[in-house]
Amino acid sequence: MDTSWAHLLPLIFLAVMGLALLAYVVLDGYDLGVGLLLPLADDAQKDTMIASIGPFWDANETWLVLGVGVLLVAFPFAHGLVLQALYLPVALMLIGLILRGVAFDFRVKAPPVWKPFWNRAFFGGSLLASTAQGWMLGSYITGFDNGPLGLGFSLGIALTLPAAYVLLGAGWLIMKTGGVLQERAVHWARRVLWPMGAALVAISAATPLVNPAVVDKWFGVPEVFALMPIPLSCALAFFAVRWVVTHPGAVKAGHGWVVFAATVLIFVLAFFGLAYSIFPDIVIGRMTVWEAAIGTGSLTVVFIGVAITLPMIIVYTIYMYRVFWGKARALSYS
Amino acid sequence: MDALILSRMQFAANISFHILFPSITIALCWFLLFFRLRFIQTREPAWEEAYYFWTKVFALSFALGVVSGIVMSFQFGTNWPGFMEKTGNISGPLLGYEVLTAFFLEASFLGIMLFGRGRVSERVHLLATALVALGTTLSAFWILSLNSWLQTPAGFEIVNGQFIPTDWWAVVFNPSFPYRFAHKLLASALTASFLIAGLCAWQLLKGSATAGTHKAMRAAIVAAAVAMPLQFLAGDLHGLNTLKHQPAKIAAMEGIWDTEKGAPLTLFGIPDEAAGTTHYALKIPRLASLVLTHDLNGEVQGIHDFKDAHPPVAPVFWGFRVMVGVGSLMLLVAWFSVWRLWRQRRRGAAEGHAPWPRPWLWVLAGMTFSGWLATLSGWYVTEIGRQPFMVYGLLRTSELATHTAPPMIALTLAAYLVVYGLLLVTYVGVLKYMAEHPVQHAPSPTHGAELGKAGV
Ligand code: HDD
Ligand code: HEM
Ligand code: HEM
Numbered sequence: 117m118d119t120s121w122a123h124l125l126p127l128i129f130l131a132v133m134g135l136a137l138l139a140y141v142v143l144d145g146y147d148l149g150v151g152l153l154l155p156l157a158d159d160a161q162k163d164t165m166i167a168s169i170g171p172f173w174d175a176n177e178t179w180l181v182l183g184v185g186v187l188l189v190a191f192p193f194a195h196g197l198v199l200q201a202l203y204l205p206v207a208l209m210l211i212g213l214i215l216r217g218v219a220f221d222f223r224v225k226a227p228p229v230w231k232p233f234w235n236r237a238f239f240g241g242s243l244l245a246s247t248a249q250g251w252m253l254g255s256y257i258t259g260f261d262n263g264p265l266g267l268g269f270s271l272g273i274a275l276t277l278p279a280a281y282v283l284l285g286a287g288w289l290i291m292k293t294g295g296v297l298q299e300r301a302v303h304w305a306r307r308v309l310w311p312m313g314a315a316l317v318a319i320s321a322a323t324p325l326v327n328p329a330v331v332d333k334w335f336g337v338p339e340v341f342a343l344m345p346i347p348l349s350c351a352l353a354f355f356a357v358r359w360v361v362t363h364p365g366a367v368k369a370g371h372g373w374v375v376f377a378a379t380v381l382i383f384v385l386a387f388f389g390l391a392y393s394i395f396p397d398i399v400i401g402r403m404t405v406w407e408a409a410i411g412t413g414s415l416t417v418v419f420i421g422v423a424i425t426l427p428m429i430i431v432y433t434i435y436m437y438r439v440f441w442g443k444a445r446a447l448s449y450s
Numbered sequence: 021m022d023a024l025i026l027s028r029m030q031f032a033a034n035i036s037f038h039i040l041f042p043s044i045t046i047a048l049c050w051f052l053l054f055f056r057l058r059f060i061q062t063r064e065p066a067w068e069e070a071y072y073f074w075t076k077v078f079a080l081s082f083a084l085g086v087v088s089g090i091v092m093s094f095q096f097g098t099n100w101p102g103f104m105e106k107t108g109n110i111s112g113p114l115l116g117y118e119v120l121t122a123f124f125l126e127a128s129f130l131g132i133m134l135f136g137r138g139r140v141s142e143r144v145h146l147l148a149t150a151l152v153a154l155g156t157t158l159s160a161f162w163i164l165s166l167n168s169w170l171q172t173p174a175g176f177e178i179v180n181g182q183f184i185p186t187d188w189w190a191v192v193f194n195p196s197f198p199y200r201f202a203h204k205l206l207a208s209a210l211t212a213s214f215l216i217a218g219l220c221a222w223q224l225l226k227g228s229a230t231a232g233t234h235k236a237m238r239a240a241i242v243a244a245a246v247a248m249p250l251q252f253l254a255g256d257l258h259g260l261n262t263l264k265h266q267p268a269k270i271a272a273m274e275g276i277w278d279t280e281k282g283a284p285l286t287l288f289g290i291p292d293e294a295a296g297t298t299h300y301a302l303k304i305p306r307l308a309s310l311v312l313t314h315d316l317n318g319e320v321q322g323i324h325d326f327k328d329a330h331p332p333v334a335p336v337f338w339g340f341r342v343m344v345g346v347g348s349l350m351l352l353v354a355w356f357s358v359w360r361l362w363r364q365r366r367r368g369a370a371e372g373h374a375p376w377p378r379p380w381l382w383v384l385a386g387m388t389f390s391g392w393l394a395t396l397s398g399w400y401v402t403e404i405g406r407q408p409f410m411v412y413g414l415l416r417t418s419e420l421a422t423h424t425a426p427p428m429i430a431l432t433l434a435a436y437l438v439v440y441g442l443l444l445v446t447y448v449g450v451l452k453y454m455a456e457h458p459v460q461h462a463p464s465p466t467h468g469a470e471l472g473k474a475g476v
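Residue numbers (my numbering), protein chains in the order written: chain A, 117 to 450; chain B, 21 to 476.
Just so you know, these hints were derived from the structure itself, not from any lab.
Just so you know, not all the hints are guaranteed correct.
Said to hold, decoys possible - Calculated lysine-lysine pairs in the DSSO-like style (CA-CA distance at most 27 Å, straight line): (1) K303/B to K231/A; (2) K303/B to K281/B; (3) K368/A to K452/B; (4) K443/A to K231/A; (5) K76/B to K443/A; (6) K281/B to K231/A.
Predicted model, so just to flag it, every value in this text is computed and none were measured.
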């Protein structure tokens with residue numbers, strides 16, 4: 117194995133990019149999920165739901181900027197290829213994120229008659245952004261295949277990802293709220309659980325179809341045994357969520373966090389499964405990590421920055437979550 | 021229309037929308053820090069009121085800045101893939117440092133700054149405000165360094181058509197960067213000052229002023245009166261530097277067609293590129309030479325010297341006049357306002373109640389968004405003046421456009437324009453509404469018991 121710096125450095129950046137995107141999907145995932153649940157709640161609950169994500173959403177979205185930033189900075193050759201292929205969904209996602217981001221402020225600062233409009237924009241933006249993200253993921257996995265199979269697969273993920281975000285959002289609300297809203301969040305989680313689980317299984321089953329290379333990677337011996345823990349843990353996490361949301365006492369007894377944590381676990385496992393399937397390509401079947409990377413000199417310059425600032429970013433992100441630990445309070449500037 | 025033109029239009033539309041909000045937030049955050057510090061020093065509720073009102077404006081502007089900024093971070097890949105492939109070794113690290121050092125800093129501490137007051141001590145809250153201010157300024161530092169490098173590239177070599185950095189210090193502090201950074205920070209200070217003064221004037225006109233209104237108004241007017249002459253100075257130095265590195269841009273700004281000694285300064289006129297002349301030009305003899313070379317007989321190069329390598333003249337020419345025109349107006353308004361403040365103070369009128377005549381309040385209210393106008397025209401001078409190059413003198417814009425189908429770009433461009441148009445109207449409408457209903461936005465008094473939570 118080649119362990120030279122020039123060989124390792126792109127791998128390090130691949131890891132940073134992957135972690136940033138994973139952090140994005142989990143962190144912005146819960147706040148997009150809360151946005152998707154918004155129409156189901158009454159007015160006071162809407163305020164509480166948004167208060168529970170208010171201090172976080174900006175920093176959450178910054179992980180997307182970092183993920184795309186690393187793609188842009190470290191792998192410019194892949195960046196152009198991927199973003200041109202995903203031109204339309206990217207634009208739709210951005211418009212969704214715009215609507216949602218401004219609705220946070222406009223819904224409380226604009227004249228009150230407009231509040232229902234901005235609530236709807238908040239929901240609509242969340243929906244647009246999360247379906248577009250699902251579509252992008254699907255299209256990426258198929259290697260930008262525009263045949264019926266590829267499109268069908270992309271559509272499948274475009275529907276699954278929002279469902280997964282909803283579960284994550286419900287898990288977040290169970291942790292951050294109490295009373296009636298918490299009960300409703302449990303109810304929402306219960307409702308979305310099976311469709312999401314079924315969709316996830318269907319997608320996993322379809323992945324080898326759209327991307328034959330995956331078959332060798334997963335179903336050879338001994339790989340198939342070594343990889344067994346991934347689907348098994350996923351199933352375990354799924355049933356853990358199910359247990360909590362179907363046992364009314366579980367949340368009261370303080371096990372509500374399990375819903376969020378287990379869903380995050382599913383995301384993490386799916387992420388590593390996917391990463392394993394794709395590696396070492398960065399654009400499936402077309403470009404490897406090393407082909408896509410810029411020169412070692414410039415990467416080293418960025419690496420120094422990453423090595424110094426990423427730990428700091430993690431520290432103050434944790435600090436921020438600690439400051440706002442506990443149940444959400446009404447958002448106020450004072 | 022082809023992909024190149026559409027890509028340019030889309031990029032221009034997005035960044036023009038984006039820059040409106042950084043122009044406000046970069047300086048507004050320092051204003052907030054000042055209001056906060058004054059409150060802590062004096063414990064006067066008026067400062068606290070000013071702080072809270074402007075925090076809301078800040079939060080709103082920041083949100084618009086963030087969402088449009090996220091669009092920007094995708095624009096290079098979707099519209100200019102060739103840009104990163106050729107200059108990635110230089111632009112990549114600069115953009116990377118912006119995300120790592122600035123974006124996370126401002127985004128993380130913004131939450132604490134806006135909503136954390138009951139949860140952290142007063143000191144931590146103040147620190148969070150300072151860190152957000154620092155973050156926005158750092159962000160401007162990196163992105164302007166990159167933009168300046170495109171204008172005046174330095175510290176690199178070209179290997180196989182790619183720009184490879186050889187001296188990072190020279191890359192970051194390239195020749196036009198110090199001037200551009202200073203000019204932009206001052207532009208931001210002016211934009212925020214006139215926004216504050218304008219909205220405060222509106223509150224006085226509509227009878228919705230609070231004690232905080234007077235404090236904020238005075239701070240903004242003094243800041244503008246100090247910043248504007250500095251901006252003249254910075255702009256002049258900036259222009260001299262541009263003359264050295266991008267003479268074609270200066271020729272277009274001044275509308276000078278033929279190289280001449282003792283060139284006159286064209287105040288107004290209608291530049292006509294096809295005919296190679298400026299119609300109805302109103303000229304002051306020798307002044308251009310004096311301003312640009314500080315010598316009445318200095319030689320200034322004309323546009324005809326730069327065949328194929330000069331920018332379109334009219335937008336650059338007009339953009340420059342709008343910027344300088346607005347700047348001059350700002351100077352007059354700011355100084356007159358300061359003079360009135362000073363006179364009122366000398367006469368010892370009741371503190372905090374400046375006797376602004378109503379017409380003057382209307383003037384201030386009319387100037388609310390003047391900073392946007394000057395800033396945008398300034399950027400248009402800079403960016404269109406760089407054409408036809410992406411990296412000045414080395415890489416042409418036309419070599420780099422996307423391969424995306426034109427109808428797709430046109431469709432998304434139309435969608436962005438609709439969304440931006442609506443947001444802009446809403447933003448201005450909401451500012452007006454907030455100014456007229458400040459009571460709903462008044463702070464609740466602080467409770468000592470709330471302070472000091474989460475230690476540190
Ligand atoms: C002179 C200042 C300036 C300029 C020229 C630009 N920006 Fe900007 N940007 C800022 C100053 C700024 C800021 C002050 O840091 C913002 C604006 C308001 C804000 O909320 O943060 C910001 C926000 C912002 C964000 C959101 C960050 C977050 O999540 O907090 C992104 C991704 C970008 N910008 C990206 C860009 C790109 C790719 C640009 C160039 C093409 C660009 N900006 C030009
Ligand atoms: C923030 C204020 C800015 C404004 C208002 C602005 C405006 C514009 C305009 C109007 C164009 C189109 C010019 C033309 O095609 O004739 C343009 C192009 C461009 N600008 Fe800017 N710009 C700004 C900042 C930046 C920054 C900070 C960067 C880079 C870091 C940048 C990089 C580019 C690039 C790469 C192009 C496309 C290629 C080109 O046309 O030269 N701009 N900008
Ligand atoms: C009144 C005196 C002023 C002078 C002499 C002046 C001069 C200049 C010059 C020469 C440039 C182009 C630099 C280049 O691209 O090479 C420029 C750009 C610019 N100006 Fe001004 N300016 C003045 C006032 C203002 C004001 C009042 C504002 C805003 C409030 C402003 C905002 C800008 C901005 C944002 C740019 C583009 C960024 C940059 O290149 O710095 N300017 N100015």
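*Output the numbers, in ascending order, of every earlier hint that fails for this structure.*
1, 3 and 6
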